[in-house]
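**Q** Required output: the full structure, derived from the provided sequences and hints.
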Amino acid sequence: MITIGGAGYHVTSLNPDTLRTLLQLIKAHEMIYTASIAFPKLAILCLYWRLFTSKWSRFILLLTGLIVIGTCLFGLIMAFANCQPFTSFWDLKVHGHCKVDVMTVFRYYSIPNIVTDAIMIVLPIPALWKLQLEVLTKLDIFLTFMISSAGIVTAILRFLSFIQIDAFKDISYLCVTATSWTVIEAGTYLIAATIPTLRPLLR
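Count the sequence shown with the UniProt record's numbering and you get residues 1 to 203, in order.
Hints are supplied without guarantee of correctness; some may be wrong.
Heads up, simulated BS3-like pairs for lysine-lysine below, C-alpha to C-alpha not over 27 Å straight-line [to be verified]:
no., residue 1, residue 2
1, Lys27, Lys93
2, Lys27, Lys99
3, Lys169, Lys99
4, Lys169, Lys27
5, Lys55, Lys130
6, Lys169, Lys93
Derived by calculation from the structure, the hints in this document are not laboratory data.
All figures in this text were calculated on a predicted structure; none of them were measured in a lab.
**A** This is the structure in structure tokens:
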């Protein structure tokens, strides 16, 4: 985004082709982001499904999974269908409109992510505490699960970064912080999804 899209520079210093490229990258980023958040979360929920067998736990897992899938589908639908015609998002010569304010979608997409993260943090606690293990071992396992839920921190920081700006006033300059947190959030979820499976290597 920096090299070919002019991210970090004020929009007034960009030529139309560079600005168009930046907007195309943002649109592609919007599509990829939804999947990069959903699939690692679903992987963690699948792990929880194998570990927690009570009806109540599995009901919560199903509900959380539905929220994750629903959020992903909403994000994809908004990415493809919100602005009509589709090319009007990046082609300033095409006259179009967006049904929902794009910045509003960017801002509040984090809220269901934060909610599902909170559920995924709280859900393992009762089951882990009931395990017949030494306290230190319990704390070790609990810490592993907490690290695997670290996405909530980046989701909150992403939300705050979008709340504090109106990127479309100077999109190439103001998008840097919010986009950075978006990338970090997706990477954090991917790492978090693999941490529980790596724990045996530390023994």
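**Q** Within a Cα-Cα threshold of 27 Å, do Lys169 and Lys27 meet the stated pairing?
**A** holds (17 Å)
**Q** Hey, Lys27 versus Lys99, does the alpha-carbon distance stay inside 27 Å?
**A** Holds, because 16 Å separates the two Cα atoms, which is no more than 27 Å.
**Q** Decide if the proposed pair is consistent with the structure: Lys169 and Lys93, CA atoms, cutoff 27 Å inclusive.
**A** Cα-Cα ~18 Å, so holds.
**Q** Given the proposed pairing of Lys169 with Lys99, does the C-alpha separation stay at or below 27 Å?
**A** Answer holds: Lys169 to Lys99 is near 19 Å, not above 27 Å.
**Q** Given the proposed pairing of Lys27 with Lys93, does the C-alpha separation stay at or below 27 Å?
**A** Holds: Lys27 and Lys93 sit about 17 Å apart, inside 27 Å.
**Q** Decide if the proposed pair is consistent with the structure: Lys55 and Lys130, CA atoms, cutoff 27 Å inclusive.
**A** Distance ~16 Å between Lys55 and Lys130 Cα, so the pair holds.
Checked against the numbered hints above, the structure violates none of them.
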